[in-house]
Amino acid sequence: MTCLHGRHINPIILAGLDGNNWCIGDYMRRGGYSALKKVLSEKIPPEQIVNELKKSALRGRGGAGFPTGLKWSFMPKSFTGEKYLICNSDEGEPGTFKDRDIMRYNPHSVIEGMAIAAYAMGAKTGYNYVHGEVWDCYERMEVALEEARAAGFVGDNILGSDFSFQLYNHHGYGAYICGEETALLDSLEGKKGMPRFKPPFPASYGLYGKPTTVNNTETLACVPWIVLNGGEKFLSMGRPNSGGTKIFSVCGHVNQPGNYEVPLGTPFAKLLELAGGMRGGKKFKACIPGGSSMPVLPAHIMLATDMDYDSIAKAGSMLGSGGVIIMDETVCMVKALLRLSYFYFEESCGQCTPCREGTGWLYRVVNRIEHGQGKQEDLDLLVNVADNIAGRTICALGDAAALPVKSFITHFREEFEHHIESKQCLVPTYA
Amino acid sequence: MNAPMILSPEALAKIDKATTKYPPGQKRSAVMAALTIAQDEKGWLSTETMDFVAQCLGMPPIAVYEVATFYSMYDLQPVGKYKISLCTNLPCALSGANAAADYLKKKLAIDFNETTGDGQFTLKQGECFGACGDAPVLLVNNKRMCSFMTREKLEKLLAELK
Chain Y
60 MTCLHGRHIN PIILAGLDGN NWCIGDYMRR GGYSALKKVL SEKIPPEQIV NELKKSALRG
120 RGGAGFPTGL KWSFMPKSFT GEKYLICNSD EGEPGTFKDR DIMRYNPHSV IEGMAIAAYA
180 MGAKTGYNYV HGEVWDCYER MEVALEEARA AGFVGDNILG SDFSFQLYNH HGYGAYICGE
240 ETALLDSLEG KKGMPRFKPP FPASYGLYGK PTTVNNTETL ACVPWIVLNG GEKFLSMGRP
300 NSGGTKIFSV CGHVNQPGNY EVPLGTPFAK LLELAGGMRG GKKFKACIPG GSSMPVLPAH
360 IMLATDMDYD SIAKAGSMLG SGGVIIMDET VCMVKALLRL SYFYFEESCG QCTPCREGTG
420 WLYRVVNRIE HGQGKQEDLD LLVNVADNIA GRTICALGDA AALPVKSFIT HFREEFEHHI
480 ESKQCLVPTY A
Chain C
140 MNAPMILSPE ALAKIDKATT KYPPGQKRSA VMAALTIAQD EKGWLSTETM DFVAQCLGMP
200 PIAVYEVATF YSMYDLQPVG KYKISLCTNL PCALSGANAA ADYLKKKLAI DFNETTGDGQ
260 FTLKQGECFG ACGDAPVLLV NNKRMCSFMT REKLEKLLAE LK
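Chains as they are written, first to last, in the numbering used here: chain Y, 60 to 490; chain C, 140 to 301.
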């Protein structure tokens with residue numbers, strides 16, 4: 060239900076959805092698959108599609124924000140063997156729930172986007188890796204894929220062309236780390252999902268050791284629109300360096316939690332208004348604007364910020380996956396950080412010592428502060444541990460554990476100090 | 140295959156079908172699907188079941204154990220008829236997950252990672268399901284997601300499952 064409302068601004072992916080119109084016929088009535096038809100009937104050269112993507116300034120919507128066109132251009136063109144395209148639908152970044160809505164309400168936008176991406180990169184096979192906990196989305200994608208196969212949009216000689224693309228859904232089973240693209244590849248190979256050391260990057264050594272590109276669900280769902288309307292038009296919808304619209308998942312203490320697709324650069328205050336404002340009229344205290352791995356910001360900074368990659372970076376955080384967690388005045392920031400620190404401790408794959416040991420340290424030290432056993436030197440200890448994790452691990456989970464700790468202490472130091480000195484909380488506990 | 144058939148012919152057919160998604164020689168990629176199918180049928184994954192899955196896919200048993208122990212939705216111990224996994228991560232906690240946890244623990248008289256004496260319910264603490272807009276959320280037996288779990292809805296769910 061979270062995206063079935065009229066409060067989007069110039070939506071591309073979530074436009075016109077009512078929860079029931081996800082089938083292939085509905086999608087085609089909305090103009091779906093016309094981009095794929097155009098590509099194949101006009102025999103658009105793959106490089107031209109990659110260039111259009113570059114012009115669009117579409118950036119990876121999964122969290123890293125890497126320019127999509129540039130990523131596609133890394134795939135070796137002369138390589139004649141098998142190449143793979145992977146859709147990363149392993150959406151488990153706390154605060155983020157947009158790919159779930161795309162998959163259940165507009166699954167064909169992902170399939171069409173994948174087919175075009177595969178054509179542009181010369182990939183013959185694709186996998187959509189679906190988050191373990193959203194079984195209904197996996198089933199929905201399976202049905203949609205059957206529809207697309209039956210209609211000739213996926214499979215051999217698509218629409219009578221010499222382009223063939225086989226696509227499959229793969230269901231995860233509960234590991235946050237598999238959202239990291241190389242952990243996802245190992246998981247697809249039937250192994251523990253442990254991130255790989257890079258280089259080599261997936262474009263040269265990916266799934267089964269073959270050239271591979273991994274893109275997020277929302278990123279791929281933008282592709283048909285860009286092919287039909289042009290990269291420049293997509294770019295002009297957003298801001299320079301932040302093209303197009305973005306689906307923000309707004310959760311926490313707002314009246315109407317949900318997904319809101321808006322042009323990049325939309326003021327945060329407008330997004331908060333779309334989400335119905337603060338629940339119960341309480342005072343807005345803090346916000347994590349890009350999923351739990353990104354730095355928290357106090358309300359006054361957020362309210363002066365626009366929602367695009369550069370503006371949020373300038374404000375001291377990151378746009379990340381677009382998971383916007385809103386906290387009101389009743390939230391104890393120590394308790395909030397404790398829950399996040401537990402999460403990273405729980406989800407560390409254990410491969411790199413700084414992360415495996417460090418996340419445990421962060422959790423235990425925040426835990427003792429929360430429970431009135433903290434010492435004054437603990438705040439320096441937390442920062443020290445965080446500094447010794449960040450940048451010293453194979454993947455970004457280490458940074459993801461460290462960033463919240465440092466930002467919570469930076470912006471809400473007095474709450475941590477109060478916990479340590481008076482052994483109690485500055486704010487009333489929340490339910 | 141000389142070992143006793145641990146899984147039903149239906150389950151084996153599903154596993155065979157899952158392997159067709161992957162290239163020849165990469166049957167191992169179907170191990171997550173195979174373990175899911177096996178767990179759906181047996182309720183949990185015993186060593187015997189995992190060994191059988193290993194045999195089906197031509198994998199060393201240790202490689203199957205590695206996968207089964209890595210992903211949190213596989214159960215390596217028997218669980219109740221209904222396994223309730225409640226997300227308590229920050230977004231869910233901001234919208235009542237802790238109250239939901241307290242209610243379930245009290246009503247079922249168990250803590251997280253425990254099973255009721257009658258074998259009906261197991262309670263687990265989950266991590267982000269990617270459905271924070273519906274907070275608080277829980278999963279019944281890994282596949283059924285229940286949204287906006289207020290006290291009233293929890294009562295209704297428990298009554299339905301009893």
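Don't read these hints as lab results, they were simulated from the structure. On a predicted model such as this, the values are computed, not experimentally measured, just so you know. By construction, the Cβ of each residue, glycine as well, lies at the ideal position given by its N, Cα and C atoms. There may be inaccurate statements among the hints.
[To be verified] In silico lysine to aspartate or glutamate, EDC-like type, Cα no more than 20 Å apart, as pairs:
no.	chain 1	residue 1	chain 2	residue 2
1	Y	K250	C	E205
2	C	K282	Y	E198
3	Y	K251	C	E266
[Claimed, not checked] Here are the simulated distance ranges between beta carbons:
no.	chain 1	residue 1	chain 2	residue 2	range
4	Y	N447	C	K244	44 to 50 Å
5	Y	S263	C	A152	27 to 33 Å
6	Y	Q225	C	Q216	51 to 57 Å
7	C	R283	Y	R89	41 to 47 Å
8	Y	A209	C	P217	54 to 60 Å
Checked hints:
1. K250/Y with E205/C: Since the Cα atoms of K250/Y and E205/C sit roughly 7 Å apart, the hinted pair holds (cutoff 20 Å).
2. K282/C with E198/Y: holds, 10 Å
3. K251/Y with E266/C: Holds, at roughly 18 Å.
4. N447/Y with K244/C: 44 to 50 Å: At roughly 37 Å between Cβ atoms, K244/C and N447/Y fall outside 44 to 50 Å, so the hint is violated.
5. S263/Y with A152/C: 27 to 33 Å: At roughly 38 Å between Cβ atoms, A152/C and S263/Y fall outside 27 to 33 Å, so the hint is violated.
6. Q225/Y with Q216/C: 51 to 57 Å: violated, 38 Å
7. R283/C with R89/Y: 41 to 47 Å: violated, 30 Å
8. A209/Y with P217/C: 54 to 60 Å: Between A209/Y and P217/C, where Cβ atoms are some 42 Å apart, the hint is violated.
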